[in-house]
Amino acid sequence: MKLRILLADDHEIVRRGLCALLQKHEGWEICGEASDGREAVEMAKRLKPDVVIVDIGMPSLNGLDATRQLMQHDAHFKVIVLTITDSDQVIREALDAGARGFVLKSDAARDLVSAVEALQSKRMFFTPRVNDLVLAGFLDKGHTISRNEPPSLPTLTVREREITQLLAEGKSSKEVATLLNLSTKTVETHRSNIMRKLSLHSIRDLVVYAIKNNIIQIQMPVQIPAAAEPTVA
Amino acid sequence: MAVRILLVDDHPIVRQGLRTLLQGRGDWEVVGEASDGVEAVEKVDHLRPDVVVLDVTMPRMNGLEACRLIQQKRKDSGPEVLFVTQHDSPQMMREALDAGARGYVVKSNAARDLLEAVESVSQHKVFTALARTPQSSS
Chain A
1 MKLRILLADD HEIVRRGLCA LLQKHEGWEI CGEASDGREA VEMAKRLKPD
51 VVIVDIGMPS LNGLDATRQL MQHDAHFKVI VLTITDSDQV IREALDAGAR
101 GFVLKSDAAR DLVSAVEALQ SKRMFFTPRV NDLVLAGFLD KGHTISRNEP
151 PSLPTLTVRE REITQLLAEG KSSKEVATLL NLSTKTVETH RSNIMRKLSL
201 HSIRDLVVYA IKNNIIQIQM PVQIPAAAEP TVA
Chain B
1 MAVRILLVDD HPIVRQGLRT LLQGRGDWEV VGEASDGVEA VEKVDHLRPD
51 VVVLDVTMPR MNGLEACRLI QQKRKDSGPE VLFVTQHDSP QMMREALDAG
101 ARGYVVKSNA ARDLLEAVES VSQHKVFTAL ARTPQSSS
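As you go down the protein sequences, you meet chains A and B in turn. Using the working numbering, the first residue of the first sequence is number 1, and each one after it goes up by one. Using the working numbering, the first residue of the second sequence is number 1, and each one after it goes up by one.
Misleading hints may appear alongside valid ones.
Unchecked claim - Under the rule of at most 20 Å between Cα atoms (straight-line distance), these lysine to any residue pairs were calculated in the SDA-like manner: (1) A/Lys24 - B/Thr20; (2) A/Lys24 - B/Arg19; (3) B/Lys125 - B/Arg112; (4) A/Lys185 - A/Leu156; (5) A/Lys171 - A/His201; (6) A/Lys24 - B/Gly24; (7) A/Lys171 - B/Ala131.
To be verified - Calculated Cβ distances over 12 Å to all of chain A for the following chain B residues: (8) Val3; (9) Arg25; (10) Gly26; (11) Asp27; (12) Trp28; (13) Glu29; (14) Gly32; (15) Leu47; (16) Pro59; (17) Ser77; (18) Glu116; (19) Gln123; (20) His124; (21) Lys125.
Just so you know, these hints were derived from the structure itself, not from any lab. Bear in mind that the values here come from a model prediction, so they are computed numbers and not experimental data. Virtual Cβ for every residue (Gly too), placed ideally from N, Cα, C.
Given only the sequences and the hints, what does the whole structure look like? Please build it.
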């Protein structure tokens with residue numbers, strides 16, 4: 001019986017690359033592709049894949065919150081998160097969300113097959129940096145990685161995080177309500193609770209909070225060099 | 001017309017995705033790959049591609065600088081440069097065209113725009129496409 005894999009990334013070009021990589025492996029099949037976290041959660045519930053691979057930076061619902069929702073629905077889901085950074089905070093959030101694999105996007109061509117194989121064998125797969133941090137956490141040498149620690153967003157519920165992302169992406173309460181099948185009044189109540197819990201006073205504060213806490217990602221400006229003389233002959 | 005293509009992106013998985021998309025055209029050939037601007041400039045010399053598909057944000061040398069070098073080194077017979085980037089911004093597109101690129105496609109829409117863009121720039125036509133509106137002109 002084939003191992004069924006669900007892919008979630010907002011860039012089709014990345015999904016094509018991932019598909020090409022994973023389909024080379026005998027006995028594996030891509031059972032579905034999602035272009036955001038919300039679609040990934042819906043598809044995972046319906047298709048019940050053996051492994052779910054989610055990008056962290058996706059619109060509408062990011063990969064970490066999609067992982068949280070999946071684990072809340074069924075703790076047996078096996079999720080690998082793809083990330084562009086392995087900062088301490090992202091690692092901690094991925095572990096806290098329940099991910100069993102953690103692969104840097106830049107290393108996906110090298111590591112992703114190993115990660116899926118690890119999950120297939122009921123093991124976990126992390127980058128060397130994650131392993132170092134987890135080990136350091138156990139050894140209590142100043143690092144603070146631990147599943148028992150409070151997550152960086154201790155006061156927000158899964159629903160509140162979801163609404164935080166949508167508001168930070170610029171959606172109105174009415175648009176959020178439509179998307180989540182809630183009443184506008186309910187969304188506005190959530191919105192008030194979020195602002196109160198986080199001691200925020202404006203949508204601008206909320207956007208800053210969402211960026212700082214990896215709920216949404218922004219493009220970093222590239223450093224544009226001045227038109228210079230060529231350095232290569 | 002056979003088109004020789006060099007793929008430049010620091011993420012191998014993106015290069016694989018680009019390669020998969022380009023396989024739709026049997027008469028085009030991916031002649032090589034590079035993972036940063038320095039390598040791209042070197043491989044342009046060796047491989048003589050017709051089109052360089054170039055990312056903007058890369059280590060060592062970014063795509064804009066690489067594009068300038070490619071254009072300055074081989075003004076008359078050089079390859080056309082097509083940017084495929086995550087930067088969905090008119091300012092960045094202007095920078096790319098000023099650096100000598102013939103095309104600009106946003107990564108999130110590459111699956112929609114890439115083949116048409118390569119076709120256009122290989123015929124020395126400008127192809128630019130931000131998130132919503134592709135435009136091709138000679």
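How the hints compare with the structure:
Annotation: proposed proximity of A/Lys24 to B/Thr20 holds, straight-line Cα distance about 13 Å (limit 20 Å). Of the pairs offered as hints, the one joining A/Lys24 and B/Arg19 holds, with about 15 Å between alpha carbons and a cut-off of 20 Å not exceeded. With a C-alpha separation of about 18 Å, the suggested pairing of B/Lys125 with B/Arg112 holds against the 20 Å cut-off. As the CA atoms of A/Lys185 and A/Leu156 are separated by approximately 19 Å, the hinted pair is consistent with the 20 Å bound.
For the suggested pair A/Lys171 and A/His201, the alpha carbons sit about 17 Å apart, so the restraint of at most 20 Å is met. At most 20 Å may separate the alpha-carbon atoms for a hinted pair to count; A/Lys24 and B/Gly24 meet this at roughly 18 Å. Taking the CA atoms of A/Lys171 and B/Ala131, the gap is about 19 Å. The hint holds against a cut of 20 Å. Residue-level check passed: B/Val3 sits 19 Å from the nearest beta carbon of chain A, beyond 12 Å.
No Cβ of chain A comes within 12 Å of the Cβ of B/Arg25; the nearest lies about 15 Å off, and the non-interface call holds. The beta carbon of B/Gly26 is kept farther than 12 Å from every beta carbon of chain A, the shortest such distance being approximately 17 Å. Even its closest Cβ contact with chain A, about 20 Å, leaves B/Asp27 beyond 12 Å, as expected for a residue assigned away from the interface. Distance to chain A confirms B/Trp28 as a non-interface residue, since its nearest Cβ pair spans about 16 Å, more than 12 Å.
Non-interface call for B/Glu29 relative to chain A: holds, since the shortest CB-CB distance, roughly 17 Å, exceeds 12 Å. The claim that B/Gly32 is not at the interface with chain A holds, since no C-beta of that chain comes within 12 Å of its own (minimum 16 Å). Every CB of chain A is more than 12 Å from the CB of B/Leu47 (nearest about 15 Å), matching its label as outside the interface. Distance check for B/Pro59 against chain A: the nearest CB is about 10 Å away, which does not clear 12 Å, and the non-interface claim fails.
Annotated as non-interface, B/Ser77 keeps its C-beta farther than 12 Å from every C-beta of chain A; the closest such distance is 17 Å. Annotated as non-interface, B/Glu116 keeps its C-beta farther than 12 Å from every C-beta of chain A; the closest such distance is 15 Å. Under the 12 Å C-beta cut-off, the non-interface status given to B/Gln123 relative to chain A holds; the minimum distance is some 23 Å. With a least beta-carbon separation of about 22 Å from chain A, B/His124 lies farther than 12 Å from that chain, consistent with its non-interface assignment.
No Cβ of chain A approaches the Cβ of B/Lys125 within 12 Å, the least distance being about 22 Å, so the stated non-interface status holds.
In the structure shown, a violation is registered for the earlier hint numbered 16 alone.
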